[in-house]
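These protein sequences, in sequence, are chains L and W. Residue numbering for the first sequence follows numbering that gives the first Met the number 0, beginning at 0 and increasing consecutively. Residue numbering for the second sequence follows numbering that gives the first Met the number 0, beginning at 0 and increasing consecutively.
Since the hints were derived computationally from the structure, they do not count as laboratory data. Built from N, CA and C at the ideal position, the CB exists for glycine as well. One or more of the hints may lead you astray.
[Unchecked claim] Lysine to aspartate or glutamate pairs mimicking EDC-like chemistry, simulated, CA-CA at most 20 angstroms apart:
1) L:13 with W:277
2) L:236 with L:207
3) L:81 with W:277
4) L:307 with L:289
[Said to hold, decoys possible] Footprint (simulated), chain W over chain L, 3 or more residues, beta carbon under 8 angstroms:
5) 39-48
6) 99-106
7) 144-151
8) 154-162
Listed below are the residues making up each chain.
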Amino acid sequence: MIEAVGLTKRYGAKTAVYNLSFQVRPGVVTGFLGPNGSGKSTTMRMILGLDRPTAGRVTIGGHPFRQLPNAPRQVGALLDAKAVHGGRSARNHLLSLAQLAGIPARRVDEVLGVVGLQDVAKRRSKGFSLGMGQRLGIAAALLGDPQVLLFDEPVNGLDPEGILWVRNLMKKLAAEGRTVFVSSHLMSEMALTADHLIVIGRGQLLSDMPVKQFISANSADFARVRTPETEPGLREKLSGVLTEAGGQVLSEPDGALRVTGLPLPRISDLAHGADVRLWELSPHQASLEEAYMRLTQGAVDYRSTDDKLAHLQAPPQPGQPGYGMPGHGMPQPPVAPDAPGQGGWYAPPPPGQNPPGPNPYGQAPAGPNPYAAPQPPAAPSDTTEDAR
Amino acid sequence: MTAPLPPAPTPPPSYGYVSPIPVRRAHLGDALASEWTKIRSVRSTVWTLGTMVVLMLLIGLGVAAIASGQGGNMGEESALPLGFFGMLPASICVITLGVLTISSEYGTGMIRTTLTACPSRSRVLTAKAVVFFLLVFTVTLIVSFAVATAQVAMVEAAEPTAAEWARATVGTALFLAVLGLLSMAIGALVRHSAGAITVMIGLLLLPLVAALFMFAPALKGLQEALFTYSLPSQMIALYSDRPPFTESGPAGWEALFILVGVAVVGVGGAYALLNNRDV
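Bound conformation, chain L alone:
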């Protein structure tokens, strides 16, 4: 059981972790998610007593790590696969750790077998691939056969077979009654591995709930509606009707409409009432990855911008609709990118279903993608204006 209360860490002016409180329970795999630089590793280091919190505290089984009796037998951790002396062989690396913790030397050969490195045990770890390094780090974490395990990005650099192995290992360790805390920035991986999710962004707690609940609370269901391409007027007509009925309508690049806030039968009824024929009316569910990206989109520290090679391009001719001016001469509803995950745009969360807990970034402005649509309308009145 890991318990953090009001955990805060500042490095000079930068606040890496702010007022973080959570519990990690035994018997389940707890995923620790957040974008790069969101404070995951800092939190892990504070749990292990390597960094001292500026405020708050974190305990393992009721004790701060540095006051734990027999700490290496109670807590094992993989922090960084490269945190080994490259000149030392895998076996000697593990042997030195085992000796330091008072663990019998035969355990070293056991864990080497568990992670599948027995054939390269005598080789210097400098020549290891990233995946082999991860396995060595996992071996070090398992050395003390501890009750609490922390893994920071354990699947980085692993091949698919290795990823599957780690996934099953985490589940097995949790099933044995251990506390397993795994950080990752890959939602898709956590969806398969974790039972419980703790999501942070910019060092603050965004969400703390079971995976199933996270999915249902964050996935934005929407309906895709397609009107006959032969009659462009119908599309705008329908979009106006749906907006008036309280739905939110976004245009997709291929001409379809993405409707949220209205159940499918109601959309059908409204279309019928407005005398609009439909070519498609289909239910869709946003993926977990989308839900996660939406949750953290305001909390991303490192975001790429498009490489426009601006200095190489001729200046845009005035009067011509150019790049970076979406909407000019285009249909009125805002445009949704066809591939979620490429732009800074995600479907808005269903009304009233924002995840509990502080979400200071939930309403952040849209990403800097000049081609993407403006942020989805917050109030129906905006959409009405757009749609006309």
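Chain L is already provided as a structure; the job is to place chain W on it using the hints.
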């Protein structure tokens, strides 16, 4: 579009996991074994100590051969002070190894793994210091004894006293090992291999080099102080019963005691900072 009620969180099993491996409290002895494994399993140890042995032997025997070829006129002194010329380059090797003992852990990130396996940072530093000290002391004692014996046999000079023998062998080995401890402390404080080695080499050589060029009479006092207390002068003083350069100043074992004092301050600082700093 409505979320189902959150399912109750899986109730945690009432039992925790209990390892079949017998649990026993780790102590300093475990840390010593671990540090011995670490220091013997990296090449830098072999390289620095190997270079040190070769330099001490080659230079010690070479100087002795030249001295005996010139008729062995050592004045009133015995042949033992010839050992100094091997000791100076040996100290550079010891400095390098001392710094690397701890700074390589910072450079690779290994220090985090180490301190996760042993939250008692003082124990880790103590184990490092003890293992490193004993290793350097043992190796330099054997080599300096061999060199001293060869020098006394090759050069016809005054027969050294027992006290001179002790200082030229045990004294030399202690001096180098303590200098290594100071380097380790600087390595722990600076946490960067190249930086810490530079600091130590500068400390070793710069005062003497600066003093060489202090021609102005106004700087005479400073020049004398630098000559007297620079590390190479202390090494020479270790071999001598009287202050080697000036009227006053350390001689014999006093040179070692001064270095021990400096090392205690450095190691104390390393303990304090390691315990309070984030790693």
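Each hint, compared with the structure:
{"no.": "1", "hint": "L:13 with W:277", "result": "holds, 16 angstroms"}
{"no.": "2", "hint": "L:236 with L:207", "result": "violated, 42 angstroms"}
{"no.": "3", "hint": "L:81 with W:277", "result": "holds, 19 angstroms"}
{"no.": "4", "hint": "L:307 with L:289", "result": "violated, 26 angstroms"}
{"no.": "5", "hint": "39-48", "result": "holds (count 3)"}
{"no.": "6", "hint": "99-106", "result": "holds (count 6)"}
{"no.": "7", "hint": "144-151", "result": "holds (count 3)"}
{"no.": "8", "hint": "154-162", "result": "violated (count 0)"}
Checked against the numbered hints listed earlier, the structure breaks hints 2, 4 and 8; every other hint is satisfied.
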